[in-house]
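A.B. asks: Going line by line, the protein sequences match chains V and R. Numbered as in full-length UniProt numbering, the first sequence ends at 419 without a single skipped number. Numbered as in full-length UniProt numbering, the second sequence ends at 419 without a single skipped number.
Just so you know, these hints were derived from the structure itself, not from any lab. Just so you know, not all the hints are guaranteed correct.
Same chains, same names: a pair is fine if it fits in one copy or spans any two.
[As the list claims (entries may be wrong)] Restricting the straight-line Cα-Cα distance to at most 16 Å, the calculated cross-link-like pairs of lysine to aspartate or glutamate (EDC-like) are:
1. Lys113 / Asp376
2. Lys42 / Asp21
3. Lys225 / Asp198
4. Lys225 / Glu385
Given the structure is predicted, the values throughout are model-derived calculations rather than measurements.
There are 2 protein chains.
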Amino acid sequence: MQNIHDYVRQTAAAAKQAFYDMGAAATAQKNAALLRMAELIKQNSSAIAAANAQDMEQAAAKGLEPALLDRLKLTESVVENMCEGLRQVAALPDPVGEMDEFRLRPNGLQIGKMRVPLGVIGMIYESRPNVTIDAAALCLKSGNACVLRGGSEAFHSNMAIAGLITQALRENSLPAAAVSLIENTSRESVGVMLQSADLIDVIIPRGGKSLVERISAEARVPVIKHLDGICHVYIDRAADAQKALDIAFNAKTSRYGTCNTMETLLVHESRAAEILPPLAAKYAAKGVELRGCARTRAILPDIQTASSKDWDTEYLAPILAVKVVESLSEAIVHINTHGSGHTDSIVTESYTDAQTFLRTVDSASVMVNASTRFADGFEYGLGAEIGISTDKIHVRGPVGLHGLTSQKWVVLGNGQTRE
Amino acid sequence: MQNIHDYVRQTAAAAKQAFYDMGAAATAQKNAALLRMAELIKQNSSAIAAANAQDMEQAAAKGLEPALLDRLKLTESVVENMCEGLRQVAALPDPVGEMDEFRLRPNGLQIGKMRVPLGVIGMIYESRPNVTIDAAALCLKSGNACVLRGGSEAFHSNMAIAGLITQALRENSLPAAAVSLIENTSRESVGVMLQSADLIDVIIPRGGKSLVERISAEARVPVIKHLDGICHVYIDRAADAQKALDIAFNAKTSRYGTCNTMETLLVHESRAAEILPPLAAKYAAKGVELRGCARTRAILPDIQTASSKDWDTEYLAPILAVKVVESLSEAIVHINTHGSGHTDSIVTESYTDAQTFLRTVDSASVMVNASTRFADGFEYGLGAEIGISTDKIHVRGPVGLHGLTSQKWVVLGNGQTRE
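Can you make the complete structure from the sequences, with help from the hints?
C.D. replies: This is the structure we're talking about:
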């Protein structure tokens, strides 16, 4: 076998060429390929299941944790969701080539913008083989080529799925290299991708925090990433008590392991004595452990004391840090200092407090009177999402088709020259 | 003096705090500060001139090249332009807080986007002290704080200007650290900025290619950069001959040292014999050296032969590479292979050829029947520009106020929770 460096570089170069070749692809052609992928996956579900069983067996033999095994498993419903996802992406409007913001300049030039793909997207991910199809679908629809580097534990599943993607592309006269799976799952293959800024336009890592941190630290290619989800709900002095109870309970308990789950609850001092006891009872019934500041513990004496580390922790578990604050501005400072810029919500009936919170909380999603759990691409109406960005440039929050595109300038003249 | 690492980190941390404090700044307050800066610079022009004379003297003693000395010099007209630039930025609409793209979701949530500053912008630049005021103005107006690291050769000029900026901020109750000049011009201070991703949200380098390359290679902070400007004009089979002559001449000769100057001319084979001789005569009269491919030299036998290196060279000089191509698609492949993704223009009367060029040339600006020289923020109506990005993510082409902002999601609910 050729060396890993050359193999990855050649794969990325082929993807780059496929990206240019796709410049001429019609929307109907891309949609037909997506729908064909759904058909092929359905038809070949037993072959996919067999490949997945092989991965599961090896993973179990290696002693992979149950949570990881769970993510690796392609159940019937996961496969059906993959097909449904493909159909949904096919049904979304094609963003490529959209023009807007045109203005007429005094010299007669018409100057505006056209939405265009980014180019080649490098996806680096772990476990879940369904990411292979989700990423392929979103990249293809948005006119990008992609280089997919899945984890070793999902190798056979990813290969089986990638083979069907290639077939669907070929049958629809699209370049097979538009979706290229790196068939080498060594650490080195990731390293080569991260250094190939000439061939790969953006890297999107999906996986645990250590993977994402390593990729961010090493990449010479721009990265769109999600790190932590330390989300807050702030119960304002002007909160409606029932909305506060409902939202604070839902934001913590509807799922524990998701990045949009609340990890710290902030309560205005004027409402703490009224709201914390019934809320604590709801959490206790659900088995949620509370860790509070001194003022919280004055009201709820039986709970643990929060250490300073708690304000910076993404528990991903039935644990919640609780802090009583003196003012809206203390809440905002706390969120901007300890939050992860993901999603934060205020519960209030005050117009001015809501406006202040929306303007000054520096997070990808800011909410009024809604559960942080709504922060995802489907709930936002994007139709699909490839991740949730906690970065500040290019795209913030849920990343859908638009997040995989950029805008170039279009200048329409009739012979103008510059003096 | 404290060590450089701590000094730069503390300066950036103060800028971060100033960014949060500015969240509450009114547009009128920012505009008043900008107009006050213009006044102060006008009033203190002799002090600025004295500081600049000191820099010029030291630079001359060090034997700086005349071109660099020229950029360093703050003539009366450069200072007047700085003041005029401040007044223009004050007159631009404030992008911060603009909301759009709202949609009503089936559950009653109103979900849209709000335009927000990026945070702290690190500007690293050489020579031109007027960048200090341009950067400060654009960052302030867009609600960002900035950390400015100018070159050692402009130290006294930058200090004089920064002092007046600070005064104008203070007089208008804005945080002085919103515009922070790093008073240490060592290489180390740049290095600390490039590693401070926790304090600086984006780095914008302005200067020679080697500076920009070094910064891109070392930065752990996202970079918005301009590398090369290898711009093309393609004279299509369906070109109007007069427009072709005018545009090709203007794109090369109106200025040689700018990044939007044409460096390679592509001509469709069916028009080469007609257009190249009169065009070559115009270039010859202006002293432009031509370097052609074999087919160009068959028509213009007296010119130099272009080597393969010429297609990848930004001359920034009265030199032009010329290539005859067989087709529009050969022209597009050449541009996507050898261009720098800056600005490329087609001269054509063919609607379909124009559309194909606009869609498939992968550059920040794509033009029809216009000189590449129009690619800049003022010509595009942005009112001002902080640079021209040849990157593909976040912002492409001229970067104005909008390029220094991002969009966060705003979710307006009335108590919604997720099932």
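A.B. asks: Output the numbers, in ascending order, of every earlier hint that fails for this structure.
C.D. replies: 2
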